[in-house]
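Visitor: Use these hints to put chain R onto chain E, whose structure you have.
This is what each chain is made of:
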Amino acid sequence: MKARVLVPTGFGLNCEGETALAFRMAGAEVDLVHLTDLFAGRHPRRIPDYQVLVFMGGFAYGDHVAGGLVLATRIRAHLARDLEAFLENEGRVLGVCNGFQTLVRLGLLPGPEEGAVDFRQRAALTNNERLGYRDAWVRLQADPESRCVWTRGVSALEVPARHGEGRFVAESDEALRRLEANGQVPLRYVDDAGLPTERWPDNPNGSARGVAGVCDRTGRILGVMPHPEAFLHPFQHPDWPRRRAEIEAREPASLALFRAGVSGL
Amino acid sequence: MESVTRIEVGTRPGFSDSRGASVARKIREHLGLEVASVRTRDVFLVTPGLAPEEAVRVACEFAGPVVRHAAVGRLEDGPFDVAVAVGYKPGVTDPVGKSARVAIEDLLGRPLGEGAHVYTARLYLLSGVTREGAERIARSLLANEVIERVSLSTWAEWSASPPDLSVPRVIEHPPRPVETVNLELDDAGLARLSRERLLALSLEEMRVLRDFYRGAAADARRAEAGLGAAPTDVELECLAQTWSEHCKHKIMNATLTYVEPGRPAEVIRSLFKTFIRGTTEAVDRRIREREGKSWLVSVFHDNAGVIAATESYHLVYKVETHNSPSALDPYGGAMTGIVGVNRDPFGTGMGSDLLANTWGYCFGPPDWKGQLPPGLLHPRRIRDGVHAGVIDGGNQSGIPYARGFEVFDERFLGKPLVYCGTVGRMPVRVAGRPGHEKAARPGDRIVMVGGRIGKDGIHGATFSSAELTEESPVQAVQIGDPITQKMMFDFLLEAREQGLYSAITDNGAGGLSSSVGEMARQPGGARLDLSSAPLKYQGLAPWEILVSEAQERMTLAVPPDRLADLLELAGRREVEATDLGAFTEERYFRVLHGGRTVALIPMDFLHEGDPEMQVAAEWPGEAPSEMAAPPPPATTEEGNALVGEFLARDNLRSVELVARSYDHEVKGLTVVKPWIGAHRDVPADASVLLIAHDAGNAGYALAEGVFPAYSDHDAHAMAQAGVDLAVRRVVAAGARLDRVALLDNYCWPDPLEGPSNPDARLKAAQLVRASRGLSEICLAYGTPLISGKDSMKNDAVVGGRRISIPPTLLASAIALVPDVRRALTLEAGGAGEVLFVVGETADELGGSEWAEARGERGGRVPRCRPGPFLLRYQAVAAMAADGLLAAAHAPGRGGLLPSLFFLARAASLGLAVDLARAPCAGRPGWEALLFGESAGRLLLAVRPERAVEVERRLTGVPWARLGTYDGSGRLRVSLDGRVLVDAAVEDLTRAWKRQGGRP
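Chains E and R supply the protein sequences, listed in that same order.
Residues 1 to 265 in this note's numbering are what the first sequence spells out, letter by letter.
Residues 1 to 999 in this note's numbering are what the second sequence spells out, letter by letter.
I should point out that these hints are in silico values taken from the structure, not numbers from a laboratory.
Idealized CB from N, CA, C, for every residue including glycine.
Mixed in with the good hints there might be a few duds.
[What the hints assert, rightly or not] Here are some of the chain E residues that sit facing chain R, going by a computed Cβ distance under 8 Å: (1) His34; (2) Tyr61; (3) Gly62; (4) His64; (5) Leu69; (6) Val70; (7) Ala77; (8) Ala80; (9) Ala124; (10) Gly132; (11) Arg134; (12) Glu171; (13) Leu232.
[Said to hold, decoys possible] Here are the in silico distance ranges between beta carbons for each label pair: (14) R:Lys89 / E:Pro201: 37 to 45 Å; (15) R:Asp882 / E:Asp173: 20 to 28 Å; (16) R:Gly32 / E:Ala193: 51 to 59 Å; (17) E:Gly27 / R:Gln874: 43 to 51 Å; (18) E:Glu251 / R:Ala678: 46 to 54 Å; (19) R:Lys89 / E:Ala245: 56 to 64 Å; (20) E:Pro201 / R:Gly32: 25 to 33 Å; (21) E:Ala193 / R:Gly571: 50 to 58 Å; (22) E:Gly27 / R:Gly499: 28 to 36 Å; (23) E:Ala193 / R:Thr635: 38 to 46 Å; (24) R:Ala564 / E:Arg244: 48 to 56 Å; (25) R:Arg149 / E:Glu251: 55 to 63 Å; (26) E:Ala245 / R:Arg990: 29 to 37 Å.
Chain E extracted, bound-state conformation (with noise of 0.2 Å):
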């Protein structure tokens, strides 16, 4: 039985292709959704039909006014009953880049101490440090402690960064270390030694100690700026002209996050 995993797409997402491929390369069953379809009830499944649902990248009504910031208002406003249903199942959510900013907006992530989604917003992504949007691959270290079921068996990620708004914030330096201690942060900026930065361009955009990724506390909700969609066959890596044998004799490991993200439903 393949896993089922709606991607919504329209309103200027942009990731629709690579975001489809990379989870049919993990063995899952993909439907891409236009929002409006969803608001509206008019496609023949809703959201807690599907066992995942991936918030993918782009640029969501251009970020106007703040990234995510137009298409979580709306999400809220029509599918907020969806969504609450669909994580009561244990539904997993993916949210890359543009879909991060808005799982944030939407108050998935990091989500609350305790209790059910209560659609409260308690952390930001914003400007980076360096003001403006930058496309150029980083390296991401997982932290093997994490509850999120999206990094298990994922070590390190080299993946491109292709945002403005990435900064992460949290309400304050102790909600940030409360997150860690609780392994809500799999995912973080590391320089060439592996370790966490918040030094430009290894972290391109100045989140403190390094944040790159973050869950909520069931774990099953993972939000990430850098793209794993983008990394998908080894001549998309940078390096493959100079390194061919090497880099093609290893697969991809952004693969291992979808496969991840989807397996054991």
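Guide: Structure of chain R alone, referenced to chain E:
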């Protein structure tokens, strides 16, 4: 006076306001002014005003609980010296306001209603500046008064006054009536009419119009329709748009008389038909002879060129220019350039999925210190704005950029060149029909999709067909709204798959008059009702609705039985689609407003009625002069210093930092990225991309060539050098040499004689020579010209002074790469690899970057010898296909030296070469060997064990082993036993990367 709710959003104390910090940095670095701090705020003005509790909810939502805070009215958080508020002028597109409205409506759970508006503005709170300083900052950095309004207030004034609740509402007049225009005028009167109405029509054309309407009096249909002999303003404007240089390419289709010393005068009937279409037709015939069928699918007659790629997909490519609007409003003009060219592949055949963007800019020197004529923006400001506009336009559309370049020359101060291109992927079959064919049939409905119509962009086509003057109309600037367009494209792709339309084209220059007028040619007429067109605001005259270039609009031909489905799908996707009438076969372009006919133009007169233009061209001949030949650097240190300075020149230095603000890999199809090498900072010769996620490893390569400076010597050499470099680059990427197609984009100074244009005949002669050179080399290489564009008025006349650009032909190549895993780059694999050079170096420094660095106007310009060059490329392409090469690179601007630096940097290795070994034509000196830009050369990195086989394969073409890669990390260049350069690649890199700040 309607109520207004004002909401201010700012950064909480304790958090860094990175936008403010970036403005402060620009104030110090660009304006040389001191400023203590800059805080920024976003302002939202909602009208009619919201209930108090609603306003508070919106403010909290927009701010969020963590980093930002907001207030209804004013956000009070401490003093400043001067506040600069920047908002749009009435009628200017405000995409943020549009999105904010959607959020507010869903948040409050109620529509704001017709007539409601959400306006946005930016607030800069400056500390440590005087009012005068703030005025300068506002004018030269924060606002563009072409489209924005600025208000300043000191802390005292601010504190003493209530919050500013004024909004840029458009004063809505009642619709203006249709007027008739009297053409019964003498020549002076006709010329004045053309000038005052911005028709940009020549006296000759005005006479043809006058005479046509004398005859039209006899046309019974006019009387029937209630029209008299005199044309309506709707007819006149429609004809002016359709006949504009921008739409009609009159100069490229003119009859030219070309005179050159020592040769009989030559008459050329249409440069386009002779040298461009003629060339492609000849190449196409040869392809058919060789292969039985051609891979050219659709050329010249649609919005973009189409070539066959795989069993299921064609590739579509178009490059446009958007120069005049970018000169007035760099951000909006350039953004319109990129989102505008997106609509060309999208409006080709039944429509294409958009795969990749390309950009290329020609600017004045960014650090220009000289005086600027009034009405011109500083080149740094133009550069920053253009980058920002194309970055936002491309990124927000979810289209990666694949190629980008910048060229700097003082003559681009008057008009920057802004090239924007888009590659599309067209299904071979769409809804059971060939994807490249479109056919509007009589009875099909005319449906306009996308944005609404306003005064924006009125006269864009005619305006860009005129030189830039201080009085250029501001409404000629449109602002792109990428999200509206993206939502429209998503909808149209669904409609395409469901077969809901029979033809599609874009609304660009000339607006509906061009799109509907063009589509109407197939069925033989159209009946368009302007009164049903959705407007941004009231008060447009019918002719304004017809010619407005408001953005994000496509026009469809929809079979009547599909109309309901199409409109229903559009509504569901929150995209506006409107039925504006029907295509007919009555041989007339009929325009109605309400019940009444306001234009009735015979189709054949509309499209064929304009007189052929006569152009005189006179070439004085090239006068090659010797360049003084200074002795080589006395010491290696001198050589190193010289090379460092050279690499730091505007035209050679790294622009990687800027380019990384453009997404280059969304969609997951990018293979060879624009910036490559061990440090990911060396420009790739060509970018290589997959065609689709379901087309195996089939891909394509993109590259370009452009050498404006060569026109000072001979435009023939300029055109050929560009084509040769574009082709060499895709060869170096491992593309199929027999699957290379080219796009030609001409940007010229006005070649038409006039009082203020003394050297028009030379400019026309350069046009002839460039076109002939283009044709010769394309015939030799067998590379068809599948699409192109010309922009002929790239002059600025300001304060009586004319600044003309150097004639510039951009050659853009698209080539098939059957298996992207075979793609080549300039990245060598390891120490010990052998560096080969293929092709000769000649004493050709004329027009080179080195000559510019030395301030030398003389020298011989690089010449192409297409026949011999082709043999080299065939040999290299074959070796690439057989996997014999580790790396390949095509030297371009700056010659061999920058190439050697790129190779060493990309491999993160050392490289030692002896230029004395390089094959030569004639006796080039040390300068030509290091910096000469002789065409037809390739550099190849080869594993030692394969070197002998490579030598064998190069039999019959000039080649040499130039040197070897080593682990030293140094670039070592010797000549005749002397070491000219011996520098750490790291040190050269630092020089090469000076400035290159983000826009």
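Visitor: Just to be sure I understand the hint, the distance between the Cβ atoms of alanine 245 of chain E and arginine 990 of chain R should be within 29 to 37 Å; is that true here?
Guide: Holds: the Cβ-Cβ distance is about 32 Å, inside 29 to 37 Å.
Visitor: CB of lysine 89 of chain R to CB of proline 201 of chain E, is that within 37 to 45 Å?
Guide: Roughly 39 Å apart at Cβ, these two residues keep to the hinted range, so it holds.
Visitor: Next item in the hint list is histidine 34 of chain E. Is there a CB on chain R closer than 8 Å to its CB?
Guide: holds, 7 Å
Visitor: With 8 Å as the cut and Cβ atoms as the points, is alanine 80 of chain E at the interface with chain R?
Guide: Not OK, violated: alanine 80 of chain E not within 8 Å of chain R, min 11 Å.
Visitor: At a threshold of 8 Å, is the proposed contact between glycine 62 of chain E and chain R supported by beta-carbon distances?
Guide: Holds - the Cβ of glycine 62 of chain E comes within 8 Å of chain R, reaching about 4 Å at its closest.
Visitor: Looking only at beta-carbon atoms, does the pair alanine 193 of chain E, glycine 571 of chain R fall within the given range of 50 to 58 Å?
Guide: At roughly 56 Å between Cβ atoms, glycine 571 of chain R and alanine 193 of chain E fall inside 50 to 58 Å, so the hint holds.
Visitor: Per the CB criterion, is alanine 124 of chain E less than 8 Å away from chain R?
Guide: holds, 4 Å
Visitor: Between alanine 193 of chain E and threonine 635 of chain R, does the C-beta distance stay in 38 to 46 Å?
Guide: Holds, since alanine 193 of chain E and threonine 635 of chain R (Cβ atoms, about 40 Å apart) stay within the stated range.
Visitor: Given the range 25 to 33 Å, decide if the beta-carbon distance of proline 201 of chain E to glycine 32 of chain R lies inside it.
Guide: holds, 29 Å
Visitor: Is the interface hint satisfied for histidine 64 of chain E? The criterion is a beta-carbon contact with chain R at less than 8 Å.
Guide: holds, 4 Å
Visitor: Given a cut of 8 Å on the nearest C-beta pair, is the interface hint for arginine 134 of chain E held or broken against chain R?
Guide: Nearest chain R Cβ about 5 Å off; hint holds.
Visitor: Determine whether the Cβ-Cβ distance between glycine 27 of chain E and glutamine 874 of chain R falls within the hinted range of 43 to 51 Å.
Guide: Given a distance of about 45 Å, which is inside 43 to 51 Å, the answer is holds.
Taken one by one, the earlier hints fail for this structure at numbers 8, 15, 16 and 18, listed in ascending order.
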